[in-house]
Amino acid sequence: MGDADNPARSVCIWVAEGTWPATVDAALRLAPAGARFTLLHVTEPGPADAVRGAHLGLLGRGGRDPGPQMTELGTTSAAALLAAAAGRLGRRCGQRAVQGQAERAVVAASADADLLIVARDGDRARLGPRSLGRVTRFVVDHAACPVLLVWPEPAPAVGTMPAPPPHHPHPPEH
Amino acid sequence: MLAWAVTRPRGWPEAVAAVPAAVIVIAVGAIGGRGALTESRQLGPVIGFLAAILVLAKLCDDDGVFRACGRWMARAGAGSPGRLLAAVFGVAALTTAVLSLDATVVLLTPVVFATASRLQMRARPHVYACTHLANSASLLLPVSNLTNLLAFAASGLSFGRFAELMAVPWLAIIALEYAVSRRFFACDLHAGPPRPVADDPGERNGLPTFTLVVVALTLAGFAAASAVGVNPAWAAAAGAAVLAGRALTRRQVTPVSLVKAADVPFLLFVLGLGIVVAAVTANGLRHALAPLVPGGTSLLALLAVAALAAALANVCNNLPAVLVLLPLATPAGPGAVLAVLLGVNIGPNLTYTGSLATLLWRRILARRGSAPDLGEFTRLGLLTVPAGLVLTVLALWAGLRLVGG
Numbered sequence: 014m015g016d017a018d019n020p021a022r023s024v025c026i027w028v029a030e031g032t033w034p035a036t037v038d039a040a041l042r043l044a045p046a047g048a049r050f051t052l053l054h055v056t057e058p059g060p061a062d063a064v065r066g067a068h069l070g071l072l073g074r075g076g077r078d079p080g081p082q083m084t085e086l087g088t089t090s091a092a093a094l095l096a097a098a099a100g101r102l103g104r105r106c107g108q109r110a111v112q113g114q115a116e117r118a119v120v121a122a123s124a125d126a127d128l129l130i131v132a133r134d135g136d137r138a139r140l141g142p143r144s145l146g147r148v149t150r151f152v153v154d155h156a157a158c159p160v161l162l163v164w165p166e167p168a169p170a171v172g173t174m175p176a177p178p179p180h181h182p183h184p185p186e187h
Numbered sequence: 041m042l043a044w045a046v047t048r049p050r051g052w053p054e055a056v057a058a059v060p061a062a063v064i065v066i067a068v069g070a071i072g073g074r075g076a077l078t079e080s081r082q083l084g085p086v087i088g089f090l091a092a093i094l095v096l097a098k099l100c101d102d103d104g105v106f107r108a109c110g111r112w113m114a115r116a117g118a119g120s121p122g123r124l125l126a127a128v129f130g131v132a133a134l135t136t137a138v139l140s141l142d143a144t145v146v147l148l149t150p151v152v153f154a155t156a157s158r159l160q161m162r163a164r165p166h167v168y169a170c171t172h173l174a175n176s177a178s179l180l181l182p183v184s185n186l187t188n189l190l191a192f193a194a195s196g197l198s199f200g201r202f203a204e205l206m207a208v209p210w211l212a213i214i215a216l217e218y219a220v221s222r223r224f225f226a227c228d229l230h231a232g233p234p235r236p237v238a239d240d241p242g243e244r245n246g247l248p249t250f251t252l253v254v255v256a257l258t259l260a261g262f263a264a265a266s267a268v269g270v271n272p273a274w275a276a277a278a279g280a281a282v283l284a285g286r287a288l289t290r291r292q293v294t295p296v297s298l299v300k301a302a303d304v305p306f307l308l309f310v311l312g313l314g315i316v317v318a319a320v321t322a323n324g325l326r327h328a329l330a331p332l333v334p335g336g337t338s339l340l341a342l343l344a345v346a347a348l349a350a351a352l353a354n355v356c357n358n359l360p361a362v363l364v365l366l367p368l369a370t371p372a373g374p375g376a377v378l379a380v381l382l383g384v385n386i387g388p389n390l391t392y393t394g395s396l397a398t399l400l401w402r403r404i405l406a407r408r409g410s411a412p413d414l415g416e417f418t419r420l421g422l423l424t425v426p427a428g429l430v431l432t433v434l435a436l437w438a439g440l441r442l443v444g445g
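In order, the protein sequences belong to chains A and B. Here the first sequence stands for residues 14 to 187, numbered as in this note's numbering. Here the second sequence stands for residues 41 to 445, numbered as in this note's numbering.
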């Protein structure tokens, strides 16, 4: 953790497919001057495991197992995405590619950060109590540092806020 | 034998266990020499057919058919994960139907993963679509799945009749899988605004037209051969021979690699498995299962057969399941045989390898410190398999009523 003696704040930027440009842009606009940036990418093992399982289900086929190829492709793709994000950031930064459940890996990484920048996932068309995606929700709940939650596209205007419900319950009488 | 097939000690092929097991059941008299011969004679053409399809798929891959699919999917899906998913569904369903589920799992899925990554999209919905469609979209043609080839030989249906009866269930399950995927992966499919992605300049190769035409002709050959009473395996062999001849003269493949593609140990494994299952079935399993297999082709009977087949495929694996159930379902007619196929082809989307094998697999991987992450896969299976079975059985039943078995 940075403190008053060490002003170089540590900012962790979660780089996820589809939403990463917004997190990088938010870092450039809002992170404190002199911040140390770390780009974090998480590869979940589920899809590669599913392919391994599907190949295993082809009982008896001696042919090549696509599992290792999937893992390798995952590593290359993570590196490419981190490189693209580093290019957009245009500052010196650390890069971390980890394997695991996205929400848990991001929360674990927040332990060493002063600020975590995350793009919101989930339903952005119908906003409500459940519109934040499961993974984002978990990170917001459990992160060990302040979280900067940004929209992947420009945030909606205040005018799009729904009208208050027409009937207010009566306040309890004393 | 199943345990061997999953663990594959020292990387030895499954046939190393299956062939001696077959020899043992014959030696101890669990199945007579004549019974084993009959089983082999039935399995022979199926195995030849299978070999031809395996070679055909390998030659398609060598000639760049799947790379071309990747380029097409990238163009169709550029900027929109939803459109990419639709393109993946189209390609995976057709690949599975024509070149069998092996081609989808081994050859197409890595291409789909690479395509999604290149478009900077989350690969999860697209990869799961491939693994699911490899099973559920393998209903359409006898060549789509080894289970179909086995049932096709037993059902007495023509190639065209088989496809005609299975077309509507095939479309129904694809539509269901698509609808469920769109909802299940809504978060991944709507992650971020659409982003234009530059074309990869190194990827401007043409379409492998010759190979695609040969595959289309082979497909037509299946139907034509079957209609005039010739085993469609010959059409598969002819298609594979044309592509192999071309690739050999162009020195793109060697005879050794072609033999390797035919996967002889696997063919021996199927033969061995067939004989072992015939022996087990003759010695009690048939009597144990017979009361569970209803006769007739009423809607309820078909549902029961499909459910039983799906359950068996999930307990052991769909290959032994179909071998066990075929002799029991055949007397009730082609409708019951096709219901078995609905069960054994869609069922594995709950536990790919059958639960026993999955348990073994989990334990092996857990010992190596990386238990597979199957939670999401199982949740997706629970959403598609039971509903898919009901939907496809309904479609099959309606088809049987309309056009007759």
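Derived by calculation from the structure, the hints in this document are not laboratory data. Source: prediction; values computed, not measured. We put the beta carbon where it would ideally sit given N, CA and C, even for glycine. Just to be clear, a hint being listed does not mean it is correct.
As the list claims (entries may be wrong) - Cβ pair distances, simulated, as ranges: (1) Arg143(A) / Leu339(B): 33 to 43 Å; (2) Arg419(B) / Arg42(A): 45 to 55 Å; (3) Ala170(A) / Ala207(B): 44 to 54 Å; (4) Gly119(B) / Gly172(A): 38 to 48 Å; (5) Leu41(A) / Arg419(B): 55 to 65 Å.
To see whether the hints hold, each was checked on the structure:
1. In this structure the supplied range 33 to 43 Å holds for Arg143(A) paired with Leu339(B), their Cβ-Cβ distance being about 38 Å.
2. The hinted range of 45 to 55 Å is not satisfied by Arg419(B) and Arg42(A), whose Cβ atoms lie roughly 38 Å apart.
3. For Ala170(A) and Ala207(B), the Cβ-Cβ distance of about 50 Å falls inside the hinted range of 44 to 54 Å, so the restraint holds.
4. Between Gly119(B) and Gly172(A) the CB atoms are about 28 Å apart, so this pair departs from the stated range of 38 to 48 Å.
5. The hinted window of 55 to 65 Å between Leu41(A) and Arg419(B) is violated, with their beta carbons roughly 38 Å apart.
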